[in-house]
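> Chain by chain, the residues run as shown.
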Amino acid sequence: MKTIHLVDDSATMLMSMEMLLKRAGYDVIKSENAEVALTMLQTATPKLIITDLNMPGMNGIELIKEIKKNSKFRFTPILMLTTESQQTKREEAKRAGATGWLVKPVEPDQLIAVVKQLVP
Amino acid sequence: MINLRETGLEVIARLRRSQRLNNPTVQAVLLSVLGAVFALSGVVAVNIFTSAQFSVGVAVVCSLVTSAFWIGKQLLTSENSNNAELEQALAEANDYLDMTSAQLHTTHKQVDEYAAILGGQIDGISNITEEASVDLMSALYQIEEVIHNGIDNIEMSQRNTASFKEESAAEIEDANQRLEEITQLIHSQQEHDKAHTAAIQEVLGEIDKLKELTELVKNIAFQTNLLALNAAIEAARAGDYGRGFAVVAEQVRTLSSQSSEAAEKIETGIRSAMETAKVHGEKLLSTNQSQETCELLTSFSGSLANMTDHYRRLEEFSPRMLSCFSGVAKDIAGKVSGAIGKIQFQDIIRQRAENVKLEHEALVSLFGQFSEYIDGRKAFDDSFNLSTAEMFEKYVMEDQRRIHFDLANSDGEKREVVEETREPKIELF
Chain A
12 MKTIHLVDDS ATMLMSMEML LKRAGYDVIK SENAEVALTM LQTATPKLII TDLNMPGMNG
72 IELIKEIKKN SKFRFTPILM LTTESQQTKR EEAKRAGATG WLVKPVEPDQ LIAVVKQLVP
Chain B
52 MINLRETGLE VIARLRRSQR LNNPTVQAVL LSVLGAVFAL SGVVAVNIFT SAQFSVGVAV
112 VCSLVTSAFW IGKQLLTSEN SNNAELEQAL AEANDYLDMT SAQLHTTHKQ VDEYAAILGG
172 QIDGISNITE EASVDLMSAL YQIEEVIHNG IDNIEMSQRN TASFKEESAA EIEDANQRLE
232 EITQLIHSQQ EHDKAHTAAI QEVLGEIDKL KELTELVKNI AFQTNLLALN AAIEAARAGD
292 YGRGFAVVAE QVRTLSSQSS EAAEKIETGI RSAMETAKVH GEKLLSTNQS QETCELLTSF
352 SGSLANMTDH YRRLEEFSPR MLSCFSGVAK DIAGKVSGAI GKIQFQDIIR QRAENVKLEH
412 EALVSLFGQF SEYIDGRKAF DDSFNLSTAE MFEKYVMEDQ RRIHFDLANS DGEKREVVEE
472 TREPKIELF
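Each protein sequence line maps, in turn, to chains A and B.
In terms of the working numbering, the first sequence has 40 at position 29, counting the first letter as 1, and numbering is strictly consecutive.
In terms of the working numbering, the second sequence has 211 at position 160, counting the first letter as 1, and numbering is strictly consecutive.
I should point out that these hints are in silico values taken from the structure, not numbers from a laboratory.
Wrong hints could be hidden among the right ones.
[Said to hold, decoys possible] So the derived list for chain A, only partly shown, Cβ under 10 angstroms to chain B, looks like this:
no.: 1; residue: Thr23
no.: 2; residue: Tyr37
no.: 3; residue: Val47
no.: 4; residue: Thr50
no.: 5; residue: Gln53
no.: 6; residue: Thr54
no.: 7; residue: Lys58
no.: 8; residue: Ser96
no.: 9; residue: Arg101
no.: 10; residue: Lys115
no.: 11; residue: Leu129
no.: 12; residue: Pro131
In this text the structure is predicted, and so the values were computed from the model without any measurement.
A virtual CB, placed ideally from N, CA and C, is assigned to each residue, including glycine.
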């Protein structure tokens, strides 16, 4: 099963992304912050991780760094889905190991197109 | 760093120290002492040098010195007056600053409370909109679920309809063929019935003819009986010679009687047979409704043909209707997905509201700093600064950045630069 792990402190974003991705045929697991995500990733092996940047506690870039410490996720694509658009933040995320950057609000079709590109 | 409060207090203390020198009594005593010292010095000098010229000169010098002291006294009195005014002004300014500082403290406290209320309201708005968004999405999810179930059902119906169409087409064809066969059978049966009716009529006619034959037999028997009677009479006349003939006549008479009885029985039998034949024939004719049945079946066949035609039209219309409904359902499902996508704006608004809250807190903090500066009579330095450039950098959303830029720069040239250098919304590294 093609599982996608969503990490966002916004219940709205988690629910809307879950609906769009499930409709596209993906299985979805959700975490409301980075700490919960790291705990869940100890047992789960998603095909793709989509995380927010600004979250209470650990932010998205720190989460990516933690995830990439685990060799299991060396090749797992990670997308940043955030309201931020600064180039400096993008570069920082890229250095941390992010695969791509999506600025909210993202059109459902565009989201699914990017996800299908990474998880065919 | 210059402490304005300390500086002001120092100035006031110096003025107070100089005020003692400006006291008129002190000044008069000092001038008297100085004049006496100069006069005594002049007398001593005259006595030492015993020269009248020096005495006049000393007197002039003493007079000039006394005048100088007088002018100095006047200047000091004027300066004293100015210092008093300055002291009063400084005291008033200090009082005003004390009041201002107190008011600033009060206002800062109120603004801080207001900021807390505003922050709570912003959090409340975020929570309410999030709950509403979740409810809305649940409703949209259910709608989408219903629509997709509808689409699935439509597709299944289309498949079933196609299968049923194939099956029903064969069934209808078979039914039509059977109906045709039945119609032909009824027509054939009708012909047979007509033949049977004619045959029955013929049999009845033949039976009627048998009646005539029995009448003939009965007539012959009657004639034979008469003949036998006449023969018996003639045999009696012939006496012994006619005795044998009388026997024959008797036998003929007996035969005639038997013939008559037989004719009666035959007639009875024929009558019975005719009645039975008539009853069954008429019954058969009366129950022969093949024509009506045929007409009914023909009508039924026509109705069935019409029904088949209507059904075929329905078959043609049904896929179009299902296709149309399927298209509408897919369109609605697409719009629902779009609406779900648009709900992301709740998260954007939440973050924007949080930014407003943070910037408002920064303003309140700046207000507090301002109050502290006034309270401590401190000179404003670089640390007292709300960096709008830093605020601009902290903005997380492109449109907010744009609004900030628009407010900060009214000329359009720089705006174009921003437009050109804007980062893409989707970027794969």
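> With reference to the structure, classify each hint as holding or not holding.
Now for the hints, and whether the structure bears them out:
| no. | hint | result |
| --- | --- | --- |
| 1 | Thr23 | holds, 4 angstroms |
| 2 | Tyr37 | violated, 14 angstroms |
| 3 | Val47 | violated, 18 angstroms |
| 4 | Thr50 | violated, 23 angstroms |
| 5 | Gln53 | violated, 26 angstroms |
| 6 | Thr54 | violated, 27 angstroms |
| 7 | Lys58 | violated, 16 angstroms |
| 8 | Ser96 | holds, 5 angstroms |
| 9 | Arg101 | holds, 7 angstroms |
| 10 | Lys115 | holds, 5 angstroms |
| 11 | Leu129 | holds, 8 angstroms |
| 12 | Pro131 | violated, 14 angstroms |
Taken one by one, the earlier hints fail for this structure at numbers 2, 3, 4, 5, 6, 7, 12, listed in ascending order.
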